[in-house]
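Novice: As given, the protein sequences belong to chains A and B, one line each in that order. Start counting the first sequence at 1; every next residue gets the next number (the UniProt record's numbering). Start counting the second sequence at 1; every next residue gets the next number (the UniProt record's numbering).
Rather than coming from a laboratory, the hints here were simulated on the basis of the structure. Please note that a few of the clues may not be correct.
[Said to hold, decoys possible] Here's a subset of chain A near chain B, in silico, CB distances under 7 Å, partners left out:
#	residue
1	E28
2	N149
3	G215
4	A290
5	A299
6	A312
7	T322
8	A333
9	P336
C-beta: ideal position from N, C-alpha, C; glycine also.
One-letter residues, chain by chain:
Number of protein chains: 2
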Amino acid sequence: MKPVKIGILGLGTVGCGTVSVLARNALEISRRAGREIRIAQASARDLRKKRACPMEGIQLVQDPYEVVRNPEIEVVVELIGGYEPARELVLEAIANGKHVVTANKALIAMYGNEIFAAAQKKGVMVAFEAAVAGGIPIIKAVREGLAGNRIEWMAGIINGTCNFILTEMRDKGADFADVLKEAQRLGYAETDPTFDVEGIDAAHKLTILAAIAFGIPLKFKQAYTEGISKLTRLDVQYAEKLGYRVKLLGIARRTNGGVELRVHPTLIPERRLIANVDGAMNAVLVKGDAVGPTMFYGAGAGAEPTASAVVADLVDVVRTLTADPNNRVPHLAFQPDALVDLPILPIEEVETSYYLRLHALDKPGVLAEVTRILADLGISIESILQKEPQAGEDSVPVIILTQRVKEKNMNEAIARIEKLSSIKAKVARIRLEHLNPDWK
Amino acid sequence: MKPVKIGILGLGTVGCGTVSVLARNALEISRRAGREIRIAQASARDLRKKRACPMEGIQLVQDPYEVVRNPEIEVVVELIGGYEPARELVLEAIANGKHVVTANKALIAMYGNEIFAAAQKKGVMVAFEAAVAGGIPIIKAVREGLAGNRIEWMAGIINGTCNFILTEMRDKGADFADVLKEAQRLGYAETDPTFDVEGIDAAHKLTILAAIAFGIPLKFKQAYTEGISKLTRLDVQYAEKLGYRVKLLGIARRTNGGVELRVHPTLIPERRLIANVDGAMNAVLVKGDAVGPTMFYGAGAGAEPTASAVVADLVDVVRTLTADPNNRVPHLAFQPDALVDLPILPIEEVETSYYLRLHALDKPGVLAEVTRILADLGISIESILQKEPQAGEDSVPVIILTQRVKEKNMNEAIARIEKLSSIKAKVARIRLEHLNPDWK
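Chain A with its partners taken away, still in its complex shape:
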């Protein structure tokens, strides 16, 4: 069969990685796809820049619109990132009848509904495996590999930067700010790390995972998003002593009241496999009603791991070119007319267990006051750990692990506790999940 001609938008880290992988593994890839995948054209801002990837045979242009308008090109690979002009380029590629492969999680999480509707109308594919968890084929696993299941919940370490920082904070007993600097030096964190450390990147990915798991539209704006920048090494260490690890988890879960969609630091038992996913690696736990718990682990970022997912999408698109569009795998796993607009549960209504750290005056009766408040709000205590006072200090840290309680009750309890005269500082609070298969 004749080669499929593709065009690449953006030759940064992932773009160059994709060019490299397509060149190096050309034989393996065409042995699988049944035809050659040939890069006809690529766009890049700086045409003169020296690139590490092999550019022979690729026409390099500065204007990405040239690529999406090139009649020779059947598949456009969008690797520019960000909202605009990526959105406009992808929509124009679709309007021109081209299939699209993208690694852009922000774009899909924010504008996926619009993009998929346009693609549906035109009968073209939009593939986005690389948008979530880098090289881990998690989109394919959930959308196709677990298609027989009612997915009940997912919990993922889906931001490598945060996981690297949390691993270092634990291993070295270091503070967030110091580890962040180290991560920036090593290239694990960007100069402006906000998207990563504040959980926004993870929320983009979680939004996409929830849509394909539950058959709901993409609802990024309703995701609860809390990052790791306020975590202290003290809490990471106390958690460890209690047998827990602190991870930034993206959690999506069906409940009777609605879908939970939340990203936040979470204590998880250290004996869980996912608690031992360290450094910049990613992992996603998926619980299906038939399959039970499954986990998918691998590199969540980087040039070639991400390229691995981009190329897998390319092979998929090439293989499916002749399928009746109605029989292709739907963009969001469920047929477009079968999406159900389940409500997203507000975070105040979400139930979790909690880790609390209080600084209390070291005098009788303080614990009685605190536990009274918790009891009044229906919060059961799992365990309490009171530390010895440091020399010269009149307050002691008290660690409390609670059972499940609605967030709004915990908010109220913390407000009341902080008003006690014996409590000397803001209460530190981290959600805790046991990640049992039945979420008990």
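We have chain A; now place chain B onto it with these hints.
Specialist: Only chain B this time, still in chain A's reference frame:
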């Protein structure tokens, strides 16, 4: 669109599980597949048996050939297991132009080449996700999700019975025979456990994984297969003290001399994620050149986990019905004319590290003799651990960890060591793999 009618061969554990999952998740499944999957007919040996799965609307017959000859049925699901009559039934279904979904690893590992050739000729699909690692979508992950990679190696815990037994031997310090009885009582092991505990089942699955990873024909007969029945609790405990876990691994790896295809007990460092996969769970580590190391974890057996994979295959087949057969995903991941018949490396040529346990007389010079023999055969020692003699015993256990060496050299070394007058028993030997991404 009108429903797809399917027929099921065999209503045992997995058959009944499949019926249950298709019924319970009918809505989720048709929301994904775009059409209803309807079980028109099923065959079972005993028509009167009470079954736990909902049989409404399913015509039950005793003769499986009725199902594969039923002109109404588009997809045949083979869940009988074993070589025959499964092989004949599947071939007849194919000859009748039906697509096939099967959970039968023995069948695919042994007769896959013949079956795929017949299917290729007829332009029908044969899907077998459930044949390897139960509910884990590992076939799909390797065949499609990692299609951009040159797969370098895979190492999998792909037999839940063995993993359950090894976990219990470690946790309880119990002997193989006792744990096996317990596993049989709990239903984790069959009355005749040979296929599981001797590694044959794992070798079936490994054969399939290697074919789709490397693009080679299925070569079950050339797989090296060694089970866990000769492992002692002593070695499991010594391994643990040295920081290793003993797992039955299926390993497939490309080398310059040929493909390694081997199943055997293996010491692996306890800090590896896969070393912490316990009980009846399965996990497969896959190293691709672009993606790096990835891991896929989940239930490797059981009614509904296996049904999860069967139904995923059904959804795939339904989605792909209208695709040009040449553009469908090839049975063995690579196009049939692109398979390469790489040689399988004989086990004598395979290089691994080793754990050795010797029983040596507690007298000067013994270690010197042993290490001399190892040195003469070019075997480097990683560490030696000599235990204290037990009261009243004149021999001591000596544990030696070696660096990588060819199996034939180790065979020769062990033969020479066992001839020493100071060595009182057969040398216990377990292969050891570090599972570093670059296999160093």
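Novice: Next, verify each hint and record whether it holds.
Specialist: Evaluation of the provided hints:
1. E28: 5 Å, holds
2. N149: It holds, given that the least Cβ distance between N149 of chain A and chain B is near 6 Å, below 7 Å.
3. G215: Check passed: Cβ of G215 of chain A comes within 6 Å of chain B, closer than 7 Å.
4. A290: Check passed: Cβ of A290 of chain A comes within 4 Å of chain B, closer than 7 Å.
5. A299: 5 Å, holds
6. A312: 5 Å, holds
7. T322: Because about 4 Å separates T322 of chain A from the closest Cβ in chain B, which is inside the 7 Å limit, the hint holds.
8. A333: OK, holds: A333 of chain A within 7 Å of chain B, min 6 Å.
9. P336: 10 Å, violated
In this structure, only the earlier hint numbered 9 is contradicted, and the remaining ones agree with it.
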